[in-house]
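Full structure from sequences and hints, please.
Quick mapping for you: the protein sequence lines, in order, are chains A and B. One point on numbering: in my numbering, the residue at position 94 of the first sequence is 131, and numbering is uninterrupted. One point on numbering: in my numbering, the residue at position 104 of the second sequence is 304, and numbering is uninterrupted.
No lab work stands behind these hints, which were simulated from the structure alone. Since the structure is predicted, the reported quantities are computational estimates derived from the model, not experimental observations. Treat each hint with caution, since some may be false.
Some residues of chain B that are not near chain A, with every Cβ distance over 10 Å (derived) [said to hold, decoys possible]: (1) Ser207; (2) Leu211; (3) Pro252; (4) Glu256; (5) Lys257; (6) Glu259; (7) Gly260; (8) Gln281; (9) Gly307.
Facing chain A, from chain B, some residues (calculated, C-beta under 8 Å) [as the list claims (entries may be wrong)]: (10) Phe239; (11) Pro240; (12) Lys242.
Glycine is no exception: its CB is placed at the ideal position from the N, C-alpha and C atoms.
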Amino acid sequence: KAGVTQTPRYLIKTRGQQVTLSCSPISGHRSVSWYQQTPGQGLQFLFEYFSETQRNKGNFPGRFSGRQFSNSRSEMNVSTLELGDSALYLCASSPGLPGVAFFGQGTRLTVV
Amino acid sequence: QQQVKQSPQSLIVQKGGIPIINCAYENTAFDYFPWYQQFPGKGPALLIAIRPDVSEKKEGRFTISFNKSAKQFSLHIMDSQPGDSATYFCAATAANFGNEKLTFGTGTRLTIIP
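Structure, rendered in structure tokens:
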């Protein structure tokens, strides 16, 4: 089975722009979660989608949004980028077992 | 609000030694505690997990110890190898249906020196 695929791997954006990140989960996994990883804050939960519905949401501003398509692929969007949004964004797909998540390699976003 | 506290932040151990990473949680709704291992340039990967009704779980050289009354759990790596050098994250979740959210500790950067 192919793993979780995230594109692009690297992005450089300017403050005020918006960005869309993409995630293809493991085949058969219907749950996709997004996490932000920074040296200062560690791994922070953004949101989780299941069958095209947002099921859980973390404590991030409304500039962070996501969606899931019928084939379980997911996208994450950040609008009006700020310097503090620079981070590694990780997508994880889950087979529905507690605590079990398969992470992609992440998208490294740099905001300048 | 840090719901899962992890220590130490970094750890250097001689090959063959037993690194120990400790975590403590506050939310009593947590009932499943996985550990993830992350190598540079990679996403975290599930290593081992435990439920609070079990005091210890071993998988290969990795052991989790769990103290439910103290709300603490720890990871031990037996006979550590340089290839174990990575960042380790403890995590917690409430394993009810419909919840895939993981709350992570801040991570421990482990270095095993030959």
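Each hint tested on the structure:
| no. | hint | in the structure |
| --- | --- | --- |
| 1 | Ser207 | holds (13 Å) |
| 2 | Leu211 | holds (16 Å) |
| 3 | Pro252 | holds (12 Å) |
| 4 | Glu256 | holds (17 Å) |
| 5 | Lys257 | holds (13 Å) |
| 6 | Glu259 | holds (14 Å) |
| 7 | Gly260 | holds (18 Å) |
| 8 | Gln281 | holds (23 Å) |
| 9 | Gly307 | violated (6 Å) |
| 10 | Phe239 | violated (10 Å) |
| 11 | Pro240 | violated (11 Å) |
| 12 | Lys242 | holds (6 Å) |
Hints 9, 10 and 11 from the list above are not met by this structure, while the remaining hints are.
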